[in-house]
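Student: In case you want the letters, here they are:
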Amino acid sequence: GDQVKQSPSALSLQEGTNSALRCNFSIATTTVQWFLQNPRGSLMNLFYLVPGTKENGRLKSTFNSKESYSTLHIRDAQLEDSGTYFCAAEHTGNYKYVFGAGTRLKVIA
Amino acid sequence: DMKVTQMPRYLIKRMGENVLLECGQDMSHETMYWYRQDPGLGLQLIYISYDVDSNSEGDIPKGYRVSRKKREHFSLILDSAKTNQTSVYFCASSLDRAAETLYFGSGTRLTVL
Numbered sequence: 007g008d009q010v011k012q013s014p015s016a017l018s019l020q021e022g023t024n025s026a027l028r029c030n031f032s033i034a035t036t037t038v039q040w041f042l043q044n045p046r047g048s049l050m051n052l053f054y055l056v057p058g059t060k061e062n063g064r065l066k067s068t069f070n071s072k073e074s075y076s077t078l079h080i081r082d083a084q085l086e087d088s089g090t091y092f093c094a095a096e097h098t099g100n101y102k103y104v105f106g107a108g109t110r111l112k113v114i115a
Numbered sequence: 320d321m322k323v324t325q326m327p328r329y330l331i332k333r334m335g336e337n338v339l340l341e342c343g344q345d346m347s348h349e350t351m352y353w354y355r356q357d358p359g360l361g362l363q364l365i366y367i368s369y370d371v372d373s374n375s376e377g378d379i380p381k382g383y384r385v386s387r388k389k390r391e392h393f394s395l396i397l398d399s400a401k402t403n404q405t406s407v408y409f410c411a412s413s414l415d416r417a418a419e420t421l422y423f424g425s426g427t428r429l430t431v432l
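Sequence lines, in order, name chains A and B.
Every number in our numbering is 6 more than the matching position in the first sequence, counting from 1.
Every number in our numbering is 319 more than the matching position in the second sequence, counting from 1.
Hints listed in this document are in silico derivations from the structure and should not be mistaken for laboratory results.
Glycine included, each C-beta is placed from N, C-alpha and C at the ideal position.
What you were told as hints is all true, and nothing was included just to trick you.
Calculated lysine-lysine pairs in the DSBU-like style (CA-CA distance at most 35 Å, straight line):
no.: 1; chain 1: B; residue 1: 322; chain 2: A; residue 2: 60
no.: 2; chain 1: A; residue 1: 102; chain 2: B; residue 2: 388
no.: 3; chain 1: A; residue 1: 112; chain 2: B; residue 2: 332
Computed spacing ranges between beta-carbons, pair by pair:
no.: 4; chain 1: A; residue 1: 70; chain 2: B; residue 2: 378; range: 20 to 28 Å
no.: 5; chain 1: A; residue 1: 18; chain 2: B; residue 2: 384; range: 39 to 47 Å
no.: 6; chain 1: A; residue 1: 70; chain 2: B; residue 2: 389; range: 38 to 46 Å
no.: 7; chain 1: B; residue 1: 372; chain 2: A; residue 2: 15; range: 37 to 45 Å
no.: 8; chain 1: A; residue 1: 77; chain 2: B; residue 2: 398; range: 39 to 47 Å
no.: 9; chain 1: B; residue 1: 331; chain 2: A; residue 2: 15; range: 28 to 36 Å
The shape of chain B in the complex, shown without the other chains (with noise of 0.2 Å):
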């Protein structure tokens, strides 16, 4: 069964506090994505991943960086995090470099206060 997991699935961090959500995915897939969603402005992509140690930044970096060491696993840090980054946190994944379906994890849930 095909599948993005997310972990975890809500979180609570004081501003400044450091933050590391994980994203994996079963399929093999080259492209993985992370995507922050808030009320109204559907969903603004953060970073984007085409394999190991390959990179590139989205429409939104500013405040993270992204790891990705293994195909199946692409990690969002926020070092130091501000309360404006509380916002339902999507990760993603595609079979290659060219566009294709997108398949989402089920969301993270995060909260700085």
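Pulled out of the complex, with its shape left as it was, chain A reads as follows (with noise of 0.2 Å):
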């Protein structure tokens, strides 16, 4: 089933405004990874997470353990933010990461 729950599955920003990306879980987790893939394929580690928050430049993620989701900020986004983006959740106690859908960016000039 869905363990990992993405939203949206697609999304088309306009360069220069701000969106949110979504990941709900129906798992134990004490730790959220997000991923970016680029049009290439190659996959580059966004954030690790413990429940709380993080920043790193014009991205910021939120992981709420007890309400089971996390969040991803993109402000100001930019062409070369497009990609699909992965949140990875960890079941509980085995250290094995489980993948969402992914959510599908594309940022337009």
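Starting from two chains that each stand alone, build the complex the way the hints lay out.
Tutor: See below:
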């Protein structure tokens, strides 16, 4: 089933605007990671999160373990932000990360 | 420079042939993973290795086996490949057994005809 559900599945953003991606979890998890897969297919780690919030440049991510969700906020979207964003939740206790199906983001000029 | 290296980048095999995918990392990470990525499904865990000769099945291990004889190398083997094993395969590593940041290789696109 959908242990890690991402929304939206696809998104088109005007350059310079803001948006939020979301992950909902139906498994017990204590850590979450966010990745960006670029158009060439490479996966880059954006955030490693325990419950709380982290910020890096135009990106900010929050993990709320009590309500079982995580968000990734993109501020002032740029063309190079285009790609597929994945969240992954560690299935508590076995160090195995379960991935969502991804959000395909396209930033347009 | 921390790196996870996968070979080959592209591979075409016929059904029934054996396939060997190689992965190396230069970070002395204990834990290594093999995932496959199919359209619309995200990444699915095939096997996890906690260290040399300490491997554990992931969510979709059927049809695959792994080998880890050195900490820096982790191999994925398909004995008698099937057409439904056509996919993009990613190797990843993390520092130790505790849940840590995953570092991914560039992937191997395998086509089984």
